[in-house]
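A.B. asks: Chain G is already provided as a structure; the job is to place chain U on it using the hints.
Chains as they are written, first to last, in the UniProt record's numbering: chain G, 1 to 320; chain U, 1 to 450.
Please note that the accuracy of each hint is not assured.
[To be verified] Here are the simulated DSBU-like pairs of lysine-lysine, each with C-alpha atoms no more than 35 Å apart in a straight line: (1) G/79 / U/395; (2) U/297 / G/79; (3) U/427 / U/297; (4) U/316 / G/79; (5) G/63 / U/436.
Hints in this document: simulated from the structure, not taken from any laboratory. Since we're looking at a predicted model, the values are computed, not measured.
Chain by chain, the residues run as shown.
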Amino acid sequence: MTTTTPPAAVGAQQNDGSTRASRVRKRLNSRTATVVAIVIAVVWTIPTFGLFISSFRPEAELKTTGWWTAFTDPQFTLKNYQDVLFGQSASSGQLANYFVNSLVITLPSVLFPLAFAALAAYALAWINFRGRDWLYIGIFALQIVPLQMALVPLLSFFSRGVSLGGITLMPAWNLDGAQNFAQVWFAHTCFALPFAVFLLHNFISQLPKDLMEAARVDGATHPKIFRTIVLPLVAPALAAFAIFQFLWVWNDLLVALIFAGGSEVTAPLTVRLAELAGTRGNEWQRLTAGAFVSIVVPLIVFLSLQRYFVRGLLAGSVKG
Amino acid sequence: MAVFARPRQALAIAGVLGLTLGVTACGTGSSDNSGGNNNADSAECAPYEKYQGHSGKKVSIYSSIRDIEADRLDQSWKEFEDCTGIDISHEGSGDFEAQLPVRADGGNAPDIAFIPQPGLLQRFAERGQIKAASADTKAMAEQNYPADWLKYSTVGGTFYGAPLGSNVKSFVWYSPKMFQEKGWTVPTTWEEMIKLSDTIADSGTKPWCAGIESGDATGWPATDWIEDVMLRTQTPEVYDQWTTHEIPFNDPRVVEAVDRAGTILKNEKYVNGGFGGVRSIATTAFQEGGIPITAGKCALHRQASFYANQWPENTKVAEDGDVFAFYFPAIDPSRGKPVLGGGEFVVAFADRPEVQAVQTYLASGEHANSRAKIGDWVSANNKLDLANVSNPIDKLSVEILQDDSSVFRFDGSDLMPAAVGAGTFWKGMVDWINGKDTASVLQGIESSWK
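Okay, chain G solo, but in the shape it has when bound (with noise of 0.2 Å):
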């Protein structure tokens, strides 16, 4: 995917605003700047920082004095990551058994809305059909209504089907135990459908008009121009959203909460999280390692892609 060149519609372009983004860029080359940014990343890591000390913290010490006082009178435990890990309560802890709750309810949730938006997104760019551009503005416009607004209905739709003057559309789910993955995975690829039809039109429709004539002018019907040309060149875009639809469905808790449930066949790590501090919170200590176990994953996804997150964000601030 690396070596994919950026088509030159997309380059010409940026081209264009070449004078300017060089000036921009020597200004945040100078040395100020760079002081300057150094000094908001130490901030910001800074209560991370606090957490990731606070975590190797034994409870009374963690619970009776600040996280500096590690430095002074330094006493570590991994007791905490114990508990969180491999707790003996069959109610709390034992994350390790929910890192794949979590991995299941993610990866398809990732791959369902990548795959419909892409192909929504080709069709409404390249494919010629009436009321194309207000079925664009529609799924555009979807974007403003808040996903809290449907969970209620979303939830009926599934435990009690749909029915229209007494004509039942579709049954009830159903669902039970491992079955209610299927309702998260439905529920969080209709919220990311919007965003990444919009995102990835906004991508494909840049493409090149030449090259799509020149395949068809070859015979290249509309699957064969998706899959041979257009994927390749969107790949960036692919990843962009990917990653941000990962982070979002990783570290989402509601819509977990509400389709999954919190039982230990389906619940993902954040509903597990959100437990462990114990009924009246008095276990909170936990939560530090905790957070440092479901940070791993994330981390590692988009140290790895960073590159595309970056290319992604500004896709979506120079072209939206």
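C.D. replies: Coordinates of chain U only, in the frame set by chain G:
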């Protein structure tokens, strides 16, 4: 696709998602099926005979109880599960109060929920979402619980479910060791308590400590204070009128109670031991509020029985230990012992026979004792045998709840509409601690109660 029981479902799912997914890999096998009822006829199972006949059925329970307390609950009904073959799956969540209405509205309600707020219970009852308790459950509840409790789960004359666990809020925590060293005695009337406070204040320690910071629920410990004092300055009937808004929130009788609480909470001479001045109450976490007692920087801390979990590890909670609690004394003992408390109610969203069996069982003495034996449990169930309650503070709580002279009232802020009881009342108390005068605070709360 074998996991989907009905082809129609499978079609719906596959059709909508456009995919066929191997959900099987994720293992349904791990659900805690407690085995069949192989030993249903054994002697241990005799008490459960009336609940039998629902083998293989599942009942889901949703509550705000989590972590070790949830484990203990699971353990408490283990025998019931073994003997009846009913599989109970419990799920605890910190977002219980917000999630339950969403699930109920979305048609995905659990079979049973343990609701700690009668106000919330009433909401479900009015919308017809919860089912009236069966005759068996009702009979069991009436037999085992005082009428003071049952009225909180009765809406419009319909009884919805029995209480389960309880807590007593009318407690003042202190250090028996410190009291012994200094020669102080546990006060039994309000007057003695004020006198003791003065003595302690004169000795150079601020006698009271408090903390009402609790995240987005900041202010609730102060509302408990007001309610407790209200129960002492007024009759229980006036208290009921106050919580049901038959008298305005800024009634002179409420003002009197708040001002009396203020003679302790807003008295710079009395508070805030170990933390600073009056204002530090608002910024001190409720979990930390009483901790200075262990360091000798404060002598008295009014907080519920469940505060026992907050003491640092290795603190002995007993009458002869490091910390213990005494009953928050009445102003006029001749009027009986007013007790402020809370607890959760077992209500059902389904009326399948196995759900009703579980509901009845949870109201029984068998469950109360089975749960108490595992530790850390208080219930107003009068079948609860004190000998099964191990922990001294729990024992004291159960004694108070079972005492005939006790007049029990539920935590008022849980009875009021959420906008007030879990909203303006909390915020008003924070303003009050921060120096706002009683009249304008109560006026503000009153105007928010529509």
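A.B. asks: Each hint: holds or not?
C.D. replies: To see whether the hints hold, each was checked on the structure:
no.	hint	in the structure
1	G/79 / U/395	holds, 32 Å
2	U/297 / G/79	holds, 30 Å
3	U/427 / U/297	holds, 28 Å
4	U/316 / G/79	holds, 23 Å
5	G/63 / U/436	holds, 31 Å
Hint compliance for this structure: no hint is broken.
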